[in-house]
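Line by line, the protein sequences are chains C and L.
First residue of the first sequence: 1, per this note's numbering; consecutive thereafter.
First residue of the second sequence: 1, per this note's numbering; consecutive thereafter.
In case anyone wonders, no lab produced these hints; they're calculated from the structure.
None of these values were measured; they are calculated from a predicted model.
No false leads were slipped in.
The calculated lysine-lysine pairs, modelled on DSS-like cross-linking and capped at a C-alpha distance of 27 Å, are:
no., chain 1, residue 1, chain 2, residue 2
1, L, Lys469, C, Lys545
2, C, Lys71, L, Lys64
3, L, Lys701, L, Lys723
Number of protein chains: 2
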Amino acid sequence: MKRIFEIDPWLVQSHQLNPNEKRLQESMTAIGNGYMGLRGNFEEGYSGDHLQGTYLGGVWFPDKTVVGWWKNGYPDYFGKAINAPSFIGMALTVNGERVDLATSTYRDFTLTLDLHQGLLTRSFVFEGKQATVRFTFKRFLSNVIKEAALVQLTAESLAGPAELTVAAQLDGNVTNEDSNYDERFWAPQGENAAAGTIQLQTKPNPFGVPQFTVLLKQSLRQGATLLPGTVTTSTGQLTSTVTLPLAPNVPVQLEKDVIVVTSRDVAPEAQAEAAAGLMTQLQGQSFAAQLAAHTALWAKRWAQSDVVIEGDDAAQQGIRFNLAQLFMTYYGDDKRLNVGPKGFTGEKYGGATYWDTEAYVVPMYVAATPPAVTRALLQYRHDQLPGAYHNAQQQGLKGALFPMVTFNGIECHNEWEITFEELHRNAAVAFAIYQYTAYTGDESYVNHDGMEVLVGISRFWADRVHFSKRAGKYMIHGVTGPNEYENNVNNNWYTNTMAAWCLEYTLARLPKADAAIQARLAVSGAEQQQWQDIIDCMYYPEDNKLGIFVQHDTFLDKDLRPASSIPADQRPINQHWSWDRILRSPFIKQADVLQGLYFLNDRFTREQKERNFDFYEPLTVHESSLSASIHAVLAAELGKQDKAVELYQRTARLDLDNYNNDTADGLHITSMTGGWLAIVQGFAGMRYDHDQLRFDPFLPKQWQGYQFRINYRGRVIQVAVGKTVALTLLAGPPLTVMVAGQPQHLEVSAHA
Amino acid sequence: MKRIFEIDPWLVQSHQLNPNEKRLQESMTAIGNGYMGLRGNFEEGYSGDHLQGTYLGGVWFPDKTVVGWWKNGYPDYFGKAINAPSFIGMALTVNGERVDLATSTYRDFTLTLDLHQGLLTRSFVFEGKQATVRFTFKRFLSNVIKEAALVQLTAESLAGPAELTVAAQLDGNVTNEDSNYDERFWAPQGENAAAGTIQLQTKPNPFGVPQFTVLLKQSLRQGATLLPGTVTTSTGQLTSTVTLPLAPNVPVQLEKDVIVVTSRDVAPEAQAEAAAGLMTQLQGQSFAAQLAAHTALWAKRWAQSDVVIEGDDAAQQGIRFNLAQLFMTYYGDDKRLNVGPKGFTGEKYGGATYWDTEAYVVPMYVAATPPAVTRALLQYRHDQLPGAYHNAQQQGLKGALFPMVTFNGIECHNEWEITFEELHRNAAVAFAIYQYTAYTGDESYVNHDGMEVLVGISRFWADRVHFSKRAGKYMIHGVTGPNEYENNVNNNWYTNTMAAWCLEYTLARLPKADAAIQARLAVSGAEQQQWQDIIDCMYYPEDNKLGIFVQHDTFLDKDLRPASSIPADQRPINQHWSWDRILRSPFIKQADVLQGLYFLNDRFTREQKERNFDFYEPLTVHESSLSASIHAVLAAELGKQDKAVELYQRTARLDLDNYNNDTADGLHITSMTGGWLAIVQGFAGMRYDHDQLRFDPFLPKQWQGYQFRINYRGRVIQVAVGKTVALTLLAGPPLTVMVAGQPQHLEVSAHA
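Could you put the whole structure together from the sequences, leaning on the hints where they help?
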């Protein structure tokens, strides 16, 4: 654990710049607007160790992948979101002296991410040889004009006059740290000094993946006055230099406006004109006015989704940081995009879509954002169905296999034990449809596009099982369960359970689907009978003596020992043990059997949940950022309040406290829902199966109270838990909610 | 199956050059001398599709390896034998017209590999615009001067005078086809026109693996006259050009002598002088005299090892081709080298050492070559013990883990399911010690260096097992057995069996070992007791109902179907099925349980062998070149003569008939012992456990007879099987041999 920012309910703020923690600081101060995002790199540049990172949603490259020996069915390429041209550059020179916080003398450093609106502010006093100047940068990526990045620089000489030179740059000469052989992914297409633009294209690839072309345009202004400056270009770069005299104690402001357009939206030849139009729109309003419009949209989000925690500012900061980062990554604006595990904050996981979306993001988004946002996540999968059919075909199987990692629906990760075997993601995609439908009551997806997804998934499972003559049961061999600390196991209980659930849900929903969809899908009676046979004869490993579901066929043969027996200096085991030792160990990375009890919560008795939780949780090392939240929800349900709170703390401030010592690479965006899940589904016990919203709240003893707001079927409901529990319907028609097992009728108060 | 060479008992000959089969032809006409080797590339160059390949024993490069996500314990690099500078180049121009069989007009093409002595001869009549010239190339790599390659060109104008230009070249500008990113592995260090040399060094690497420097020297002569020619150089290249007038019907000869020295033997600064000395030695004798000396050494080998088959020339050619290629790859001259799966014939498998050596090469070499040759293979492992300890430590385990793939003892393959899990190779290394000792009666290895190997291996197994409290047994989880069509299985019967055997053999041999070795190894009584406990309580999966040993824990849950149920157009399955489908299928790549019955042959009853053979062989697709031979031996033992012969045919002409459709990449050198094993251990039923040499021969009904010679404890024994069986002691002291269960006393005949 390393806490480098101060505790504050709404701010992520630091007054220190520790060169050893520059990358960590950059991750934590990343901002995004769903369209693009960037790490907390410094505008003026920084010559010390740092990770330059700017990412454009959906702009990626299919990198060559190398495995030991190629085998049929392996993906052709490894997709990665590439580091995009950097557009924040504003190199500063004071009386000829370059400002560089890695080498310059400075004081009064303050760095602040304001969670209200995703505004990053940084100020410091530069103590040059001949001048002392206070610099303040503010930047945000507009939620109103998604293509726009705005940077405001304020410079004030604190002693004597000074001459400030600002070299504002667009820089396409960027690389990825994770490139295999120091490849460059961008080919410059030209610079236009008069227009202030550079254009670049991703390099060709042999896989038929379209190349992306981006155009970046910058413009400097002071108030309403544009400052063209002296423009120079080199290949892939453009620099506008302006010189500003600084009189003592007179703040001078300079604003850098940037427009970024990509061929995802605008054809390359039309990009210059499109960018010019957007720039005109952007510069039609002042920085302050643009910020106000941007902040107004944020205010709406917070009004629907804020979580308030009384008596624990660290927890308060944690949950708001997570919500802000999630919303900066994805708010449903572009159905072609999804929620990358690191969002726009780092290179790892390549900015691609993982099962995280359905397993961890949807369960929060369905309640914390308007239904259209979650619906867009579902639509994304439907729109990628051709890719999913392709993936199954690659394995010689029928139906649709949604990918473990993807940009376009086609699997682009290159480990067979993941790609071929971590099949349970295919169930999560189906379960998200169930969750959305059950929560919102909106059946329009499941009855149309969603049914195409469900049938594709069911056809996959029906072909992927095999019938064991010896056991007289259907089995699923060769899978990797959610516990990625084992590979290639047989009859993973979670996978078998969820596969059968998929068939069951599809069979149940199919007759209600749109007639035209039913006709097109043409699921014959024989096929339905086959699915029913699989449901009826699926093999589930269980141990009657222990009264548990068994993680997979031979799990109980392991050298079973609790995770507490691992010496502290060997934790996390993934940083200390060989992969062989981890695979053979009994230690579980994240909820596996328990993930099933979490998803299909209403199908198991409390005793079943208790026995399994008590058996598996002690074996669990929670080394996935996705682990603690699910366990917290179950612990809360089972009355293990202390355990629930302990696990909440692991998830809610995972990045703020750098709990897994890897946040320098980027934030764990998709696991940031964990704090919300732990509070809303855990502490407050929210459930919504069988068309009945229910709560069963408790108040962690460390807190004085907490409250949150959710959207539910056209309503906004506020739940406040303190010494008592108060539910308030803020908007929408009346509703009866179960609270601790008792019905409670809610109506909008006349006083509201 | 594709047969492109004619049937002949001693020649591999073709009168056709099919451009579509150039690579296949090149593989089949590769030659080597243990020190170096090369594919059947053409001296004059060939502009059509081909695979340029020259390989120097032990000269390799640690290539960067890329996997999806790095995990602790993964090897740092992927080792590969790199394509070495080409030294055969003799570009031909006739009256200004370039000779290139891809584009020129020619007739009377003949290509012949003479198996007596590894001599490659090629002739053709070039029909140029102005001249018709017959060219004949002969080349061999000397067994007398290992650094020497000799090429003899004969040119004869068949019509009218012609001017022939020969540009003899050394070419260091070579690449590997299998490089990940088109890397070049060689850095030229300089050319010396006067000396006729080029020197190159392998590129630096970040892994601490030493770089290799090689120097190549060429010299042209006509009879005793040296022809310096006109020498030109460019970076990494040197060319000597001579012009020869050709009078009609007067053959003209030109010889190219090459010396290749490497920093494995000679420091870079001393290489020029060393090469000059070797060139003087080489050119001290004519081409014919050098060839005669070389051939004399081959004659000795054949006198000890030839196998004669009467009535089946195809089979005869197959076994001689295999023996010749094996001996060209390895004859024990350099203890630092081993037998790469493709020898010097292709890039695949990187020229590294695999378990093939102990499992397939040693069982033949121990009888077919002098004991020192096999002993050198054992010594190789002992000399790499530090690497084996390193490999175990990488996995967090005690003892020594011999690598799956290596040049220097350190694992250099990059698939965890192989590297971490295919542990049975560690038993094969131990078993080779047993085989050598049991066959030769020479205990000097097992009592000294060999015991260090055995104890290292046993300490590994003792740490790698775990005790399953539930079963009350020791288990080995997470392995890949010899059947590489499954990965990461638990309690592979073969692995468990061989692991326990290692402990047992080590315990049995330990008290007899050299006292100093025992003292140094310090195996305590407690440790021995622990090993005994593992032996006593090892878990072996068995099925009593079927009466078989079970391949691994859940094998019988598979959808068991015979391999004959696979449609013909889907064979081999590794070229038609996805890896996922293969892994989950019941189909077996090569002997797994049966490999154990083969190795520990004397420990199992005939009924056990029969039940297991009858269960597993029908599931086996024999898609490893190593499979058929083991099955042939067992089938012969079980009286399944037709099956044995069928399997023999698959192994004996695997490459000559391109049975697996992959010989274009190179020959399957290590599996070339299979034909010999099938004949000697299979048809002739040779066994040698318990210090008793035994035979139990039968004659395949397709043959009129077969005979072979073996070395046995200082003797040469000839076994001739026709309508009767005749054993002849050709050299050495008298011996009693069991033949078909009856003792037969052998003495060297006075008439001999």
